[in-house]
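**Student:** Sequence:
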Amino acid sequence: ALPEIPAWTSSGDELRAFTCRLTFEMIGAVTLGTHFGVLPKEGAHERDVQFVEATLAAQEAGAALLYGPFQEHAATLSHPEWRRFASSMDFILERAAEHVKAHATPEARAAAAADAS
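Start counting the sequence shown at 123; every next residue gets the next number (our numbering).
Mixed in with the good hints there might be a few duds.
Unchecked claim - Here are the simulated distance ranges between beta carbons:
| # | residue 1 | residue 2 | range |
| --- | --- | --- | --- |
| 1 | A235 | S200 | 44 to 54 Å |
| 2 | P162 | A185 | 18 to 28 Å |
| 3 | E168 | R138 | 14 to 24 Å |
| 4 | A238 | G184 | 31 to 41 Å |
| 5 | G184 | S239 | 37 to 47 Å |
| 6 | E164 | L215 | 20 to 30 Å |
| 7 | G184 | I149 | 11 to 21 Å |
Note that these hints are calculated values from the structure, not bench results. In this text, a Cβ means the ideal position worked out from N, Cα and C, and glycines have one as well.
Start from the sequences, fold in the hints, and give me the full structure.
**Tutor:** Printed below as a string of structure tokens:
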């Protein structure tokens, strides 16, 4: 991935998306012992790409809620940024649970060990 970093970081938005995908890969490698294949995102599982996009959306919505001029009123359930934040977090938690079930349960570890031998 390192030789391709300059191509992926030609703008601030691309750099932010790249660092989010890189973080996802590192967390997967450290916690679940797997790579999700989102570097680059071409060829990645569609739900993993959506996971990264939902993470970015949650960060943007969270910042709008925290730093917007009406922050005391932004955390109401009717605020558009609150709904965006909540729906993004719902998807993030759903997809994370799928990865934990697929990679971190005793059954998944036993299957991976059997495949390795």
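**Student:** Next step is simple, just say for each hint if it's right about the structure.
**Tutor:** Cross-check of the supplied hints:
In this structure the hint that A235 and S200 lie 44 to 54 Å apart at CB holds, the actual value being about 50 Å. For P162 and A185, the hinted distance range of 18 to 28 Å is satisfied, since their beta carbons lie about 26 Å from each other. Between E168 and R138 the C-beta distance comes to about 21 Å, which sits within the given range of 14 to 24 Å. The hint said 31 to 41 Å for the Cβ distance between A238 and G184, and at roughly 40 Å that hint holds.
Range check, G184 to S239: Cβ separation about 44 Å, and the 37 to 47 Å hint holds. At about 26 Å, the beta-carbon gap between E164 and L215 stays in the expected band of 20 to 30 Å. With their beta carbons about 18 Å apart, G184 and I149 fall inside the hinted range of 11 to 21 Å.
Consistency with the previously given hints is maintained throughout, with no hint failing.
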